[in-house]
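**Q** Position chain B against the provided structure of chain A, taking the given hints into account.
Now for the letters of each chain:
2 protein chains.
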Amino acid sequence: MLVVQKFGGSSLADADRIRHVAGIIANEYRQGHEVVAVLSAQGDTTDELEARGYELNPKASRREMDALLSCGESMSIALMAMALEALGLPVISLTGRQAGFLTDSQYANARIKSIDPERMRTELDKRNIVLLAGFQGYNRYDDVTTLGRGGSNTSAVAAAAALKADLCRNYTDVDGVYTADPRIVPDARKLAEITYDEMLELASLGANILHNRSVEMAKRFNVPLEVLSSFTPDVPGTKITEVTKMEKMQVSGVARDNDVARVSLVNLEDRPGIAARIFSLLAKAKVNVDIILQSIGRDDTKDISFTVSLKNLDAGLRILREHQEQIGFQDLVVSDSVSKVSMVGAGMVNNPGVAARMFEALSDAGINIQMISTSEIKVSVLIDKADADRAVRAVHDRFFGEV
Amino acid sequence: MLVVQKFGGSSLADADRIRHVAGIIANEYRQGHEVVAVLSAQGDTTDELEARGYELNPKASRREMDALLSCGESMSIALMAMALEALGLPVISLTGRQAGFLTDSQYANARIKSIDPERMRTELDKRNIVLLAGFQGYNRYDDVTTLGRGGSNTSAVAAAAALKADLCRNYTDVDGVYTADPRIVPDARKLAEITYDEMLELASLGANILHNRSVEMAKRFNVPLEVLSSFTPDVPGTKITEVTKMEKMQVSGVARDNDVARVSLVNLEDRPGIAARIFSLLAKAKVNVDIILQSIGRDDTKDISFTVSLKNLDAGLRILREHQEQIGFQDLVVSDSVSKVSMVGAGMVNNPGVAARMFEALSDAGINIQMISTSEIKVSVLIDKADADRAVRAVHDRFFGEV
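Chains as they are written, first to last, in our numbering: chain A, 1 to 403; chain B, 1 to 403.
Worth flagging that the hints you see were computed from the coordinates, not collected in a lab.
A couple of the hints might just be wrong.
Where chains are identical, the list cannot tell them apart; a pair therefore holds if satisfied intra-copy or between any two copies.
[What the hints assert, rightly or not] With a cut-off of at most 20 Å between alpha-carbon atoms, the simulated DMTMM-like pairs for lysine to aspartate or glutamate come out as follows:
1. 286 - 384
2. 311 - 257
3. 59 - 14
4. 59 - 16
5. 113 - 193
6. 190 - 331
7. 126 - 142
8. 302 - 397
9. 311 - 290
10. 164 - 360
11. 284 - 242
12. 311 - 55
13. 286 - 16
14. 126 - 216
15. 59 - 142
16. 219 - 125
17. 286 - 331
The following block holds chain A by itself, in its conformation from the complex (with noise of 0.2 Å):
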């Protein structure tokens, strides 16, 4: 079996976690198994580079800080290799370029395009354990470039799919995906499986485990990955894959998401095509906008509202204001206090009543829901920020308060 795993940097932020990991590692590996193991830069190792290069130069040119950023991730691999080889362990260590991550040339934030997977191979062969540097690639111009955010998770799910890999096992502080935030609802349980799907809109609505892309990347070349602590690696985390077998359950979790404001323009014009006009000034502006509804007002004149990002909030607005002779509203009306509760759940899009489960649920908890949205695997709903946790523990609780 050949394993890919990943080890975030507070995994790896000092000696002792280091050896800790490495233990993890070695007994993958004296368990048979091809072993690739994906690291990131140690504990702020990434941050404190950033900000030195920030205190020369403000405006540092993204590939110089791709060239210094990834050295945090070159030291990781050097340092754990040395602990493995302390272990008695055949390991070598690669940096992206070594092990053939070529990218394109947006540096910061670059895409894999192809990796060629001959050296990470021949290492195998060899039965060593290849220890290789997140967040890395290499350019058609022969230059470091960064993956961006989640970069590391990206770099385990690439190679993983290069090299055909059998499981991508991503080792973090949590040691699963749980139906509910644990600090929220404390009964909340962990889930043993989830489908890609599922994880990506419980991902989008800050269950911060892992990246969206990471995620995508798994589902297209259908690799299987698996969340669980490398504090308590002996622990089964969650799987997550195609098609799960817990056909019965039809909700997966229940989350929340703070980051979320509410824009309203008040009373436009009733003119065809008004819609249109607005979101593609927003998308122009790349604000992504989330939930939307649409009310008929009194008279010629409707109401629009929407729901986009905190970071997105002022880009947005001041594309509305410039425009608002052209779009044709009265007034903008924005509420930052509010919150988006969804359940996820593939099993949701066969049962048309679990959506007025989870309505009932708020209703009985005397919680107000502002705006609707849903999807076939998830449906969210806008309420007020002071009623968030409240609400998730009731909707919890109807879905699994009674298993």
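**A** Chain B alone, transformed into the frame defined by chain A:
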């Protein structure tokens, strides 16, 4: 004009020093020159990285240690690039690999096999300042290697040779080569010029400025060197070239070397081939021998004395004692309270009186000479360590005092 500059770690210790060196590089570039700046790792980075590696594994493999240590230089060049970008200058950082430094596979002490200057040349043609990571290369397995002690000096001279540079400026924390160590001889004078051979003799005698390896390479490829200080970059340093213009000066400098011990084999049988046996044994044990003195004793015996560096002393004594019977000596007498004082000068070869003047100066100072060794451009004497500084001053006074 194409200038290669080299800056050591102490010149790059923090953000302020980096900015200062950026100013020196910028100044060279703004004079219309093509500039390649070779950088070491910042301050104590190399030592710190090494310590972190050995903490995890006291027997860390050289391959992984090279991968780890090379990150120090990689970080330096990226940070310096940012500092130069902040000055509005076009700049690009290149690792040893990107700059085409192909080496053999002797990790930790690799030799440069060839340099493909194409990338550096292309970047210079674009009018970019090229920042080259010193100390680094890569081997035919596509792995990172490092060049050993003084590696960044070697990188600089090699880059200068490959690019046919007009000058290789080596910035250190002293502003040139002096006729003696200014800490011992306060009125020592800075030399404007010196030959490669003189520099080689001075370096091996403890004038700790340039490593022999880089001077040898400079001599082989006829790369003009200059040693100057990064703290006073406007003060002209010392030029090191094939032939100096200073024909008149017989002696370039006086140096002292305390890293030396004297070993005497007493009452050896006076048989043919005995010296050959002793020194081939020592050579096999990689013990370098410097001054050798053979004296005829009474009867049929003789004594042989020689000097070795302190770090080779134990190995040398071990091999001799193991073969005491075979060699046939009675006693082994060791002294490490000795010091070697040497006069170096290319003009010496045509002036046989120079050595005599040196001995006279020592005699006038009441200093006893234990051993003597001469070459075409050097006279060395072994004396009591307690007399060493006084001897340097006496010899320096005799040759430079009256000028």
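**Q** Checking an output row: residue 286 and residue 331, CA cutoff 20 Å. Within, between, both or neither?
**A** neither (22 Å within a copy, 88 Å between copies)
**Q** Within, between, both or neither: how does the pair residue 311, residue 257 come out at a Cα-Cα threshold of 20 Å?
**A** Classified as within: same-chain Cα gap 13 Å, cross-chain 66 Å, threshold 20 Å.
**Q** When Cα atoms must be at most 20 Å apart, do residue 284 and residue 242 count as within-copy, between-copy, both, or neither?
**A** neither (34 Å within a copy, 66 Å between copies)
**Q** I want to check one pair: residue 113 and residue 193. Are their C-alpha atoms no more than 20 Å apart within a copy, between two copies, both, or neither?
**A** For residue 113 and residue 193, neither the intra-copy (30 Å) nor the inter-copy (54 Å) Cα distance is at most 20 Å.
**Q** How would you label the pair residue 219, residue 125 (within, between, both, or neither) given a Cα cut-off of 20 Å?
**A** For residue 219 and residue 125, the Cα distance exceeds 20 Å both inside one copy (27 Å) and across copies (46 Å).
**Q** Cα distance capped at 20 Å. Does residue 311 pair with residue 290 within a copy, between copies, both, or neither?
**A** within (13 Å within a copy, 72 Å between copies)
**Q** When no copy is specified for residue 286 and residue 16, does a C-alpha distance of 20 Å or less occur within a copy, between copies, both, or neither?
**A** Answer is neither; intra-copy 43 Å and inter-copy 39 Å both fail.
**Q** At most 20 Å between C-alpha atoms: does residue 126 with residue 142 qualify within a copy, between copies, both, or neither?
**A** between (27 Å within a copy, 17 Å between copies)
**Q** For residue 190 vs residue 331, is the C-alpha pair at or below 20 Å within one copy, between two copies, both, or neither?
**A** Neither: 45 Å inside a chain and 79 Å across chains, both beyond 20 Å.
**Q** Can you give me the call for residue 126 and residue 216, within, between, both or neither, at a CA distance of at most 20 Å?
**A** neither (32 Å within a copy, 40 Å between copies)
**Q** With identical chains treated as interchangeable, where does the CA-CA distance between residue 311 and residue 55 reach 20 Å or less: within a copy, between copies, both, or neither?
**A** neither (24 Å within a copy, 43 Å between copies)
**Q** Within, between, both or neither: how does the pair residue 59, residue 16 come out at a Cα-Cα threshold of 20 Å?
**A** Answer is between: at 17 Å across copies they meet the 20 Å cutoff, but 36 Å inside does not.
Of the numbered hints listed earlier, those contradicted by the structure are 1, 5, 6, 8, 10, 11, 12, 13, 14, 15, 16, 17.
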